[in-house]
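S.K.: What follows is the residue order along each chain.
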Amino acid sequence: NAGVMQNPRHLVRRRGQEARLRCSPMKGHSHVYWYRQLPEEGLKFMVYLQKENIIDESGMPKERFSAEFPKEGPSILRIQQVVRGDSAAYFCASSPLAVADTQYFGPGTRLTVL
Amino acid sequence: KNEVEQSPQNLTAQEGEFITINCSYSVGISALHWLQQHPGGGIVSLFMLSSGKKKHGRLIATINIQEKHSSLHITASHPRDSAVYICAPRGADGLTFGKGTHLIIQP
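Respectively, the protein sequence lines represent chains A and B. For the first sequence, counting from 1, position 17 maps to 17 in this note's numbering; every step adds exactly one. In this note's numbering, each residue carries its 1-based index in the second sequence increased by 1000.
Isolated chain A, as found in the complex (with noise of 0.2 Å):
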């Protein structure tokens, strides 16, 4: 049973690029979570999503950053006119029931914005 996927692993932006962050949940899992770890800071909360619905998204900047999970295919957080600031790792973990299950942890997506 493979883990959480995420790509890509490393992924560099020009400012005002769109950037594109990859997570497939393990098999049998419905529930998706984004993370974000800026550099020398804890993980903060972004969002919550299940099969074609944002539960919370409470940790989501307002503007640039929006997150889906359709029901084909991988979840994705997208981010619109990257800036320097968006420079971190983002993090996706599943899990297989709602919030008060384990979360499994992908391996996280290292966005470089120059």
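Note that these hints are calculated values from the structure, not bench results. Backbone N, C-alpha and C fix where the C-beta goes; we use that ideal spot for every residue, glycine too. Be aware that a few hints might be false.
[To be verified] Within a straight-line C-alpha distance of at most 30 Å, the following computed BS3-like cross-link-like pairs (lysine-lysine) qualify:
#, chain 1, residue 1, chain 2, residue 2
1, B, 1001, A, 62
2, B, 1001, B, 1054
3, B, 1054, A, 27
4, B, 1053, B, 1001
5, B, 1053, A, 51
6, B, 1055, A, 44
7, B, 1099, A, 62
8, A, 44, B, 1099
[Said to hold, decoys possible] Just so you have them, the derived chain A footprint on chain B, three or more residues with Cβ under 8 Å:
#, stretch
9, 1040-1046
10, 1090-1097
Using the hints provided, position chain B relative to the given structure of chain A.
M.R.: Frame of chain A, contents of chain B only:
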């Protein structure tokens, strides 16, 4: 908002020593995760516990819900245990993460 504090922030110890990492939080929770982040950045979930004590190999985690405190212990520590250990209590609004304890085990 749940305030999470971990101590110590940094810990260097010799191989074989018994290690304790502490986590305190400010609001009621349903469960608490302990995570391990390796130098390469990957995150592994070590424990999720809501009461008492859990043990996996050389790792032991305890939680006291009334006192809002959890500890992670490592017995017979080894250099491969060197990592950042992160406490993440789960409240009504999901996981809140501590800043982590940077552990270095020297041979």
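S.K.: I'd like to know which numbered hints this structure contradicts. Please list them from smallest to largest.
M.R.: Hint 5 alone not satisfied by this model.
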